[in-house]
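Be aware that the sequence shown starts at 0, since it is given in numbering that gives the first Met the number 0, and climbs by one per residue.
Hints were generated in silico from the structure; no laboratory data involved. Computed from a prediction, not measured in an experiment: that's the story for all the values here. Be careful, since some hints might not be right.
Heads up, simulated DSSO-like pairs for lysine-lysine below, C-alpha to C-alpha not over 30 Å straight-line [claimed, not checked]:
no., residue 1, residue 2
1, Lys85, Lys74
2, Lys74, Lys218
3, Lys280, Lys122
4, Lys123, Lys201
5, Lys201, Lys32
6, Lys74, Lys304
7, Lys143, Lys32
8, Lys85, Lys19
9, Lys122, Lys184
10, Lys19, Lys74
11, Lys122, Lys85
12, Lys262, Lys85
13, Lys32, Lys311
14, Lys35, Lys85
15, Lys3, Lys74
16, Lys86, Lys122
17, Lys311, Lys123
18, Lys19, Lys3
19, Lys32, Lys85
20, Lys184, Lys85
21, Lys86, Lys123
22, Lys85, Lys143
23, Lys74, Lys143
24, Lys32, Lys304
25, Lys184, Lys210
26, Lys160, Lys207
27, Lys137, Lys210
28, Lys123, Lys32
29, Lys137, Lys85
30, Lys218, Lys201
31, Lys35, Lys22
32, Lys207, Lys262
33, Lys123, Lys184
34, Lys5, Lys19
35, Lys311, Lys210
36, Lys74, Lys32
Pair ranges (Cβ atoms, derived) [stated by the list, open to error]:
no., residue 1, residue 2, range
37, Pro165, Thr82, 40 to 50 Å
38, Thr72, Thr183, 19 to 29 Å
39, Lys122, Lys160, 17 to 27 Å
40, Arg164, Glu185, 49 to 59 Å
Glycine included, each C-beta is placed from N, C-alpha and C at the ideal position.
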Amino acid sequence: MATKEKLRRLPSLPGVYIFKSSKGEVLYIGKAKSLKNRVRSYFTDSTKKSDSRYAVRFLAERTEDIEYIVTTTEKEALILEDTLLKKHRPRYNIRLKDDKTYLSIKLTVQEEFPRLLSTRRIKKDGSRYFGPYASAGKARETIKLLRRIFPLCVCSPSTFKNMVRPCLDHQLGICAAPAVGLITKEAYAEIVDGAIMLLEGKNRQLIKNLKAEMKEASKTLDFEGAAIARDRIEALTATLEEQKVVSIKGADQDIVAFAREDKRLGAGVLQIRDGRLIASKGYIFVDTLLPIEEILSSFLTQFYKTTDSIPKEVIVGATTPDSSFIEDWLT
0 MATKEKLRRL
10 PSLPGVYIFK
20 SSKGEVLYIG
30 KAKSLKNRVR
40 SYFTDSTKKS
50 DSRYAVRFLA
60 ERTEDIEYIV
70 TTTEKEALIL
80 EDTLLKKHRP
90 RYNIRLKDDK
100 TYLSIKLTVQ
110 EEFPRLLSTR
120 RIKKDGSRYF
130 GPYASAGKAR
140 ETIKLLRRIF
150 PLCVCSPSTF
160 KNMVRPCLDH
170 QLGICAAPAV
180 GLITKEAYAE
190 IVDGAIMLLE
200 GKNRQLIKNL
210 KAEMKEASKT
220 LDFEGAAIAR
230 DRIEALTATL
240 EEQKVVSIKG
250 ADQDIVAFAR
260 EDKRLGAGVL
270 QIRDGRLIAS
280 KGYIFVDTLL
290 PIEEILSSFL
300 TQFYKTTDSI
310 PKEVIVGATT
320 PDSSFIEDWL
330 T
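My request is simple: use the sequences and hints to build the entire structure.
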């Protein structure tokens, strides 16, 4: 059991705590606004005797050593916790699959002519990432839809550099052929902006913008441009008809809920953009004993660290001691 002396020395500062077994195995890693208050809550007599959260008592009884790292801020604690979770993979922490397991959509906005890709690795390379998609099929389906409406380039940098004639994708109408100069940088940037709005679920604003473009093109007798805008509006409208309206206020929200059966825990995320349900994602964790309020913050940080698409509001069906961490980090 963790010694009273170590519990007594805990500082009232933000940081990360590590519970270890008698064999030195890392059992659990957590973060806290106050290390003293949070860690002691696991080991008080009242907790061990009467806490209805069996898993908390179970974990405390198996902890023989405590380590902690003080951080300057709560946000720093959150980042450090994530690093340590990847390194130690503690038995009693939940883990979404590794970042490389789920597909995300990548838009290389740092390039002169951004490319649209799918990837299993999130890098700090200046690109925009959207997802993750629990289903690889759903990610690829989204890319196909995007390219039908916004003909973005998908080729590798070397292929782009050595291109001498329009590719087959251009003939199919799903690539604007920037590699051979068939579209200006400014016109391509408009395509990229439209794709980002679609990926962010801002469909109604996007349709409004396209209608304005179509009207302006008609005024200047640019009938080809007007036809392109019209076709994009029709494709977007068809997509909207397939999406269920769940909020008449046109809200941007994620709804996160959990359900437990014995040691199995299910987590679900409904993603609502512009008042429409655009995606639902589900996860199953096995051999999970800790209560939902202990798990929630870890789930949220792991889920949102792999995406740029964070809504203004995240609704959760439980409370967590780390709510201030999550709110600061998400904003």
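These are the hints, each one checked on the structure:
no.	hint	result
1	Lys85 x Lys74	holds, 17 Å
2	Lys74 x Lys218	violated, 52 Å
3	Lys280 x Lys122	holds, 22 Å
4	Lys123 x Lys201	holds, 25 Å
5	Lys201 x Lys32	violated, 36 Å
6	Lys74 x Lys304	holds, 13 Å
7	Lys143 x Lys32	violated, 44 Å
8	Lys85 x Lys19	holds, 16 Å
9	Lys122 x Lys184	holds, 25 Å
10	Lys19 x Lys74	holds, 24 Å
11	Lys122 x Lys85	holds, 16 Å
12	Lys262 x Lys85	holds, 22 Å
13	Lys32 x Lys311	holds, 24 Å
14	Lys35 x Lys85	holds, 24 Å
15	Lys3 x Lys74	holds, 28 Å
16	Lys86 x Lys122	holds, 18 Å
17	Lys311 x Lys123	holds, 23 Å
18	Lys19 x Lys3	holds, 15 Å
19	Lys32 x Lys85	holds, 21 Å
20	Lys184 x Lys85	violated, 41 Å
21	Lys86 x Lys123	holds, 19 Å
22	Lys85 x Lys143	violated, 33 Å
23	Lys74 x Lys143	violated, 37 Å
24	Lys32 x Lys304	holds, 20 Å
25	Lys184 x Lys210	holds, 22 Å
26	Lys160 x Lys207	violated, 35 Å
27	Lys137 x Lys210	holds, 28 Å
28	Lys123 x Lys32	holds, 27 Å
29	Lys137 x Lys85	holds, 27 Å
30	Lys218 x Lys201	holds, 26 Å
31	Lys35 x Lys22	holds, 24 Å
32	Lys207 x Lys262	violated, 48 Å
33	Lys123 x Lys184	holds, 24 Å
34	Lys5 x Lys19	holds, 13 Å
35	Lys311 x Lys210	holds, 26 Å
36	Lys74 x Lys32	holds, 10 Å
37	Pro165 x Thr82: 40 to 50 Å	holds, 46 Å
38	Thr72 x Thr183: 19 to 29 Å	violated, 45 Å
39	Lys122 x Lys160: 17 to 27 Å	holds, 21 Å
40	Arg164 x Glu185: 49 to 59 Å	violated, 23 Å
In this structure, the hints that do not hold are numbers 2, 5, 7, 20, 22, 23, 26, 32, 38, 40, in rising order.
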